[in-house]
Amino acid sequence: MVVVVVVAALVAGLAALLAYGWWEAGWVRLRELPVVLPGLPPELHGLRIAHLSDFHLGLPSRGERAVERAVAWAAAAQPDLTVITGDLLSRKDGEPRLRELLEVLPHCYVVLGNHDVAEARDPFSRGVAVAELRGATLLNDEAWAIRVRNQSVQIAGVHPATFLAGDGARSARFADPRSRLRILLCHFPEIVDQLPPGAFDLVLAGHMHDGQICIPTPFGKLRCAHPGARYTRGLYRRPGGTLHVSPGLGTTFVPIRFLARPEATLLVLQSPDAAAVAPGAAPAVPAQPAAPSPPA
Numbered sequence: 001m002v003v004v005v006v007v008a009a010l011v012a013g014l015a016a017l018l019a020y021g022w023w024e025a026g027w028v029r030l031r032e033l034p035v036v037l038p039g040l041p042p043e044l045h046g047l048r049i050a051h052l053s054d055f056h057l058g059l060p061s062r063g064e065r066a067v068e069r070a071v072a073w074a075a076a077a078q079p080d081l082t083v084i085t086g087d088l089l090s091r092k093d094g095e096p097r098l099r100e101l102l103e104v105l106p107h108c109y110v111v112l113g114n115h116d117v118a119e120a121r122d123p124f125s126r127g128v129a130v131a132e133l134r135g136a137t138l139l140n141d142e143a144w145a146i147r148v149r150n151q152s153v154q155i156a157g158v159h160p161a162t163f164l165a166g167d168g169a170r171s172a173r174f175a176d177p178r179s180r181l182r183i184l185l186c187h188f189p190e191i192v193d194q195l196p197p198g199a200f201d202l203v204l205a206g207h208m209h210d211g212q213i214c215i216p217t218p219f220g221k222l223r224c225a226h227p228g229a230r231y232t233r234g235l236y237r238r239p240g241g242t243l244h245v246s247p248g249l250g251t252t253f254v255p256i257r258f259l260a261r262p263e264a265t266l267l268v269l270q271s272p273d274a275a276a277v278a279p280g281a282a283p284a285v286p287a288q289p290a291a292p293s294p295p296a
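The opening position of the sequence shown corresponds to residue 1 in the numbering used here, with each subsequent residue numbered one higher.
These are calculated hints, taken from the structure and not from any lab test. Mixed in with the good hints, there may be bad ones.
Listed next, with one range per pair, are the computed distances between beta-carbon atoms [said to hold, decoys possible]:
id, residue 1, residue 2, range
1, Arg237, Glu100, 33 to 43 Å
2, Asp193, Pro216, 24 to 34 Å
3, Gly135, Tyr20, 33 to 43 Å
4, Glu95, Arg238, 33 to 43 Å
Ideal Cβ positions, reconstructed from N, Cα and C, are used throughout, including at glycine.
Please model the complete structure; the sequences and the hints are all you need to start from.
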């Protein structure tokens, strides 16, 4: 009788944990994060970048709910720029929904992730070839020059195959020293360690899911995914640039999260010299894409 009670309690406890994990996968955190960037010109103080990542659309998951809420929030915020750092799809049947969501995001720039090019160990994921995205600019080993607040801004993007081939360092050749702000998008956070000092001001990445399923310990949470990763979520100051790693929005392998909430982040850039900006400065000018800059 005691054994039956113990087994029943264990089963009930496991069911409760799974139910919570399913619920947490849709419990998206909508976060505004100040980011002080050394050398950011005062004219770009307050520039807002909505950073989204790891949609993994196409599989039944509460993660789709997190994606939808995050996209609606970002669209309502009307940031100066929106960036998505890869793993857009896990199955082709998620593509129509992806395209619907991208159409409402303002000034959107996107790079692919390893799931998008069928480089994943997830047995439930299938690579989907995405060549163009209406309403967003897809960056595949290229850089674009745009104007924001009448200042020159450069956005470069690394294709996942380039990074996985060990050639991520070549993205530094896109860095244009004439730009007042240089941003690099890459699905993999480790790209920041392959960059020469000062190559980019801001490096945006995803991939880590903040571990997706984590176990609390007296020394902090143990991440089941990428347990030895150096960069897991949030901000890091590195010689190659200031890195922000998004916890992402979707899920892989299993459709749950535990102690690793999905997140959409509104990065608010701050200049150390912001005090030099005169009161009543002109508001942000929406970013308009220009012709892509040629590879160096």
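Return holds or violated for the Cβ distance of Gly135 and Tyr20 against the range 33 to 43 Å. Once the Cβ atoms are compared, 35 Å apart, the range 33 to 43 Å for Tyr20 and Gly135 holds.
Starting from the range 33 to 43 Å, see whether the pair Glu95 and Arg238 falls in it by beta-carbon distance. 34 Å, holds
Does 24 to 34 Å hold as the CB distance between Asp193 and Pro216, or does it fail? 29 Å, holds
Arg237 and Glu100, beta-carbon distance inside 33 to 43 Å? At roughly 37 Å between Cβ atoms, Glu100 and Arg237 fall inside 33 to 43 Å, so the hint holds.
No hint from the list above goes unmet by this structure.
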